[in-house]
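Student: Each chain is listed here by its residues.
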Amino acid sequence: MSGQYPPDWEHSPHGSEPGPSGQPAYGQPGYGQQPGYGQPSGQPEPAVPAEQACQVTTGFYLLSRCTSFGVDQCANCGRRVCALHAISGPGGVLCPECFVLAGQHSEPTDRSWALQYRRRYREDAGRELQDPGIWWAFDRYDRYRFAAGRGGGFGGGGAHYYAADYDEDDDSYGIFDS
Amino acid sequence: MFSATKKKVQALPPLHRDLVLERTLGYAQLPHDWEYLLASIAQHQAVTGGKRKYALPGPFLAVALPLLRVILADARPEAPVALLVDDRLDLVFGPGMPLPDHHHRRGIKIAWMVQIPIQAEARLRDGSRLRIRIVRRTRRLTWRQRGSVSHKTKFKSKDKAYHLLQVALRLPRGVEPVRPPTPSPNWLSVAVNPGDRYEIRADTKTTGDEMPSVNLILHVLTEAFRWSPTARATAVPR
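As they're listed, the protein sequences go chains Z and B. The opening residue of the first sequence carries number 1 in this note's numbering; numbering runs sequentially from there. The opening residue of the second sequence carries number 1 in this note's numbering; numbering runs sequentially from there.
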C-alpha cells in the first residue's frame, strides 16, 4: 500500500504532522510514548506514585489500571483521572464511567468510547451468555459505584462511597440478584 | 477544476481518503497511529459537508469503527494493529456449477462469491493474539426459462448471502485455557485447539445481506475471551 503515496508519505500514512493532540509524529522524538497506551517494551515505566496515578480501569476485555499521571479529579466520584480519561461533562471534569452515568455519550471516534460502552456491554453479555463472570470481572468499586439506582448514580456521593456505604463482606449485591 | 469539497477530500490523510474514494482500507500500524485516522474521521462531516458522494462506507462506521476501538483498548502499545475494511460491491462470482442431479429443479447453476468485508488482527496486552474475520458468502442460482406463450428465453437469477464470523484467540505460550462456568450458546461454536500455543476459535453464522451487528460480533469475541484466564481475572484491586 505504501508504494502509492508520495515520498514524504512513504513511512507514515499521516506524514510528519503532529498527532491529533499535538503528540510527536512517526520518527520524531517521543514517538510511541503516548498516554493511555502505556510505554513500549524495554523502556522504563514512569514512576507515578500510586496515590497520584489515574484510577480509571482501562481495557475492554483485559481489565487493568491506568498508569498515567492523574491530572484532575472526577467531579462526581472523586477519582483521579489522567488527561486521556478526563472528559468535560455536566458539572465539570468527569471520568468515562460518570460521563455515561450523567446520560452523556460519545462517538466511537472518541478515545474513551470503549470504556464508556464497556459497562453496558458487559451487562448485556452477562445476560446473553448467561455468565455472571463477565460482569464480575469488574472489581468491587467498579461494580457498584457506577450502578445507577444502587446508591451510586450521578450526583450522589464521592470516592468515600466505597469505604463508608458498602459492606465489604456482602457479595450478594449485583445485577443478577432478584 | 475540482470542487471545493473534492479538494478537501483529496487533502485528507491517505487512509481516510482511500476509505472515502476507494471504499477500502487495509493497513497495520501502532495503536497510537490509528488515532490519527480516527481523529480525522471525527472531522469527516465537517470536511465533506455531509455529501453522500463522500460518505464513509456503512460497514466501517457501523461495525469496523467500534470494533477498532475495542481492539485498541486491549492492544499492546508497541505491536501493530491490522485492519482491513472492504466495501467494494463488485460481485465477482466463481464459475457456475450445475446443482446436484437430485435437486428438484434441473438446469440450475450455482455460483459462489466470497468477500472479506472486515478483518482485524492484533497482539494484546497479555501476550495473546486476536484475529477477527467477517466473511460474506453469496450464492447465486441462475437458470434459463422459456415463456409458454411467447417462447421468449429469459435468464433468471437469485442471490442469497450469509456472513461468517470467525474469531481466533491464540493464548500466550504456556497459558492453558479455562473452561467457562456456563456452556456457550447454541448459536455459536467454540473449539479449543491445542498446540504450541492454545488457540480458541469461536464461529457463528448470520443469514441475510445485513452486516452482523457490533454486539453480535462482541458476543462472539466474548465467548473466546471467556476461555482466557487473563480476561476472567479481576483488574488489580486498589
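Mixed in with the good hints, there may be bad ones.
To be verified - Below, simulated SDA-like cross-link-like pairs (lysine to any residue); rule was C-alpha separation at most 25 Å, straight line:
1. B:8 <-> Z:124
2. B:8 <-> Z:128
3. B:53 <-> Z:121
4. B:6 <-> Z:123
5. B:205 <-> Z:110
6. B:53 <-> Z:126
7. B:6 <-> Z:121
8. B:51 <-> Z:123
9. B:158 <-> Z:124
10. B:51 <-> Z:121
11. B:205 <-> Z:126
12. B:6 <-> B:131
13. B:109 <-> B:51
14. B:6 <-> B:80
15. B:205 <-> Z:106
16. B:205 <-> Z:123
17. B:51 <-> Z:106
Claimed, not checked - Covered by chain Z, per the in silico footprint, the following chain B stretches (three or more residues, Cβ under 8 Å):
18. 113-124
19. 149-163
20. 200-209
It is worth saying that the hints were derived from the structure and are not from the lab. Even for Gly, the Cβ is constructed at its ideal location relative to N, Cα and C.
Student: Could you grab the alpha-carbon distance between residue 53 of chain B and residue 121 of chain Z and see if it respects the 25 Å cut-off?
Tutor: violated, 33 Å
Student: Please work out if residue 51 of chain B and residue 123 of chain Z have their alpha carbons no farther apart than 25 Å.
Tutor: violated, 37 Å
Student: Given the hinted pair residue 6 of chain B and residue 131 of chain B, is their Cα-Cα distance within 25 Å?
Tutor: Violated. Residue 6 of chain B to residue 131 of chain B sits at ~35 Å, over the 25 Å cutoff.
Student: Given the hinted pair residue 205 of chain B and residue 123 of chain Z, is their Cα-Cα distance within 25 Å?
Tutor: holds, 23 Å
Student: Would you mind confirming whether the straight-line C-alpha gap from residue 205 of chain B to residue 110 of chain Z stays at or under 25 Å?
Tutor: violated, 30 Å
Student: Between residue 109 of chain B and residue 51 of chain B, does the CA-CA distance stay at or below 25 Å?
Tutor: violated, 41 Å
Student: Within the region 149-163 of chain B, is the number of residues with a Cβ closer than 8 Å to a Cβ of chain Z three or more?
Tutor: violated (count 0)
Student: Do three or more residues from the region 200-209 of chain B put their C-beta atoms closer than 8 Å to C-beta atoms of chain Z?
Tutor: violated (count 0)
Student: Does the alpha-carbon distance linking residue 6 of chain B and residue 121 of chain Z stay inside the 25 Å limit?
Tutor: With a Cα-Cα distance of about 39 Å, the restraint between residue 6 of chain B and residue 121 of chain Z is violated, given a limit of 25 Å.
Student: Does the alpha-carbon distance linking residue 8 of chain B and residue 128 of chain Z stay inside the 25 Å limit?
Tutor: violated, 44 Å
Student: Within a Cα-Cα threshold of 25 Å, do residue 8 of chain B and residue 124 of chain Z meet the stated pairing?
Tutor: Violated, at roughly 41 Å.
Student: Next pair to validate is residue 51 of chain B with residue 121 of chain Z; report whether the Cα-Cα distance is within 25 Å.
Tutor: violated, 32 Å
Taken one by one, the earlier hints fail for this structure at numbers 1, 2, 3, 4, 5, 6, 7, 8, 9, 10, 12, 13, 14, 15, 18, 19, 20, listed in ascending order.
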